[in-house]
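Visitor: What follows is the residue order along each chain.
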Amino acid sequence: GGIITQTPKFLIGQEGQKLTLKCQQNFNHDTMYWYRQDSGKGLRLIYYSITENDLQKGDLSEGYDASREKKSSFSLTVTSAQKNEMAVFLCASTIGTGGYEQYFGPGTRLTVL
Amino acid sequence: QQQVRQSPQSLTVWEGETAILNCSYENSAFDYFPWYQQFPGEGPALLIAIRSVSDKKEDGGFTIFFNKREKNLSLHIKDSQPGDSATYFCAASAQGGRALIFGTGTTVSVSP
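The listed protein sequences correspond, in order, to chains A and L.
At position 69 of the first sequence (counting the first as 1) the number is 69 in this note's numbering, and the numbers step up by one without a gap.
For this note's numbering, count along the second sequence from 1 and bump the result up by 1000.
Among the clues, some could well be false.
In silico lysine-lysine, DSBU-like type, Cα no more than 35 Å apart, as pairs [stated by the list, open to error]:
#  : chain 1 : residue 1 : chain 2 : residue 2
1  : A       : 57        : L       : 1056
2  : A       : 57        : A       : 71
3  : A       : 57        : A       : 41
4  : A       : 57        : L       : 1071
5  : L       : 1078      : A       : 71
6  : L       : 1068      : A       : 57
7  : A       : 41        : L       : 1071
8  : A       : 9         : A       : 71
9  : A       : 22        : A       : 41
10 : A       : 41        : L       : 1056
11 : L       : 1071      : L       : 1057
12 : L       : 1057      : A       : 57
13 : A       : 41        : L       : 1078
14 : L       : 1068      : A       : 41
15 : L       : 1057      : A       : 41
16 : A       : 9         : A       : 70
Simulated from the structure, these hints should not be mistaken for laboratory data.
With the rest of the complex left out, here is chain A:
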């Protein structure tokens, strides 16, 4: 088995601040994802990466940057934190892309003051 680790678990920032969320997986999966979970809105895709140094935009990529420098890690940067993007950010990985099980991390809860 494997595990996905997300750090930090809770992230508090000021409006306008640049904030970085980190994700590590030891499944040796090729594809990694960042989702945003807002209450009552399900999970929405921000960025995904099918291999090291690859980046693909999801439906919610505006205001975010991502980085996949190693196969095992995937970082997400909130370029200028806004109060309306307080949410839980979930990292996931999978062996392929759409038709395979995605394994999720426990999430990072972002609060913007």
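Given the coordinates of chain A, assemble chain L onto it according to the supplied hints.
Guide: Chain L in isolation, oriented as in the chain A frame:
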């Protein structure tokens, strides 16, 4: 535009009853439909999944009924237990698709 819709938003059942969660989709190219279970403070975890070549999938007390013609599916939780209280997400993807499209979730509460 919500490509995957779930209903109801929340559901309360008594212990031992069957909970029925509904999901519908728009894209005929979707062929993989997983259901994820999420407990508070945790990430979602795969519960059960079905591919469009099948009309039913069972795993323990969980059953997916799939209707390709009507573009809908349902998750039945048989003999519900308080430990089944969680939020359930229906998702969908197409072969070669980039990622899963998630519904907005159904929160299930099982009362003892």
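Visitor: If a hint holds in the structure, say so; if it doesn't, say that too.
Guide: Consistency of the hints with the structure:
Distance hint between residue 57 (chain A) and residue 1056 (chain L) is fulfilled; the C-alpha atoms sit about 34 Å from each other, no more than 35 Å. Note on residue 57 (chain A) and residue 71 (chain A): the hinted pairing holds, with a Cα-Cα distance of about 18 Å set against a maximum of 35 Å. Distance check on the hinted pair: residue 57 (chain A) and residue 41 (chain A) sit about 19 Å apart at the alpha-carbon level, within 35 Å; holds. Restraint check: the Cα-Cα separation between residue 57 (chain A) and residue 1071 (chain L) comes to about 27 Å, which is no more than 35 Å; the hinted pair holds.
With a CA separation close to 40 Å, the supplied pair residue 1078 (chain L) and residue 71 (chain A) exceeds the 35 Å bound. A threshold of 35 Å between alpha carbons decides the hint, and for residue 1068 (chain L) with residue 57 (chain A) the separation of about 30 Å falls inside it, so the pair holds. Under the criterion of a C-alpha separation no larger than 35 Å, the hint pairing residue 41 (chain A) with residue 1071 (chain L) is consistent with the structure, at around 21 Å. With a C-alpha separation of about 22 Å, the suggested pairing of residue 9 (chain A) with residue 71 (chain A) holds against the 35 Å cut-off.
For the proposed pair residue 22 (chain A) and residue 41 (chain A), the alpha carbon gap of about 23 Å is at most 35 Å, so the pair holds. At roughly 27 Å between alpha-carbon atoms, residue 41 (chain A) and residue 1056 (chain L) fall within 35 Å of each other, so this suggested pair holds. About 16 Å separates the Cα atoms of residue 1071 (chain L) and residue 1057 (chain L), which keeps this hinted pair within 35 Å; it holds. Of the supplied pair hints, the one linking residue 1057 (chain L) and residue 57 (chain A) holds, its CA atoms being roughly 33 Å apart against a limit of 35 Å.
Only pairs whose Cα atoms come within 35 Å are accepted, and residue 41 (chain A) paired with residue 1078 (chain L) is accepted, the gap being roughly 26 Å. At most 35 Å may separate the alpha-carbon atoms for a hinted pair to count; residue 1068 (chain L) and residue 41 (chain A) meet this at roughly 25 Å. Restraint check for residue 1057 (chain L) and residue 41 (chain A): satisfied, since their Cα atoms lie roughly 27 Å apart, inside the 35 Å limit. Restraint check for residue 9 (chain A) and residue 70 (chain A): satisfied, since their Cα atoms lie roughly 21 Å apart, inside the 35 Å limit.
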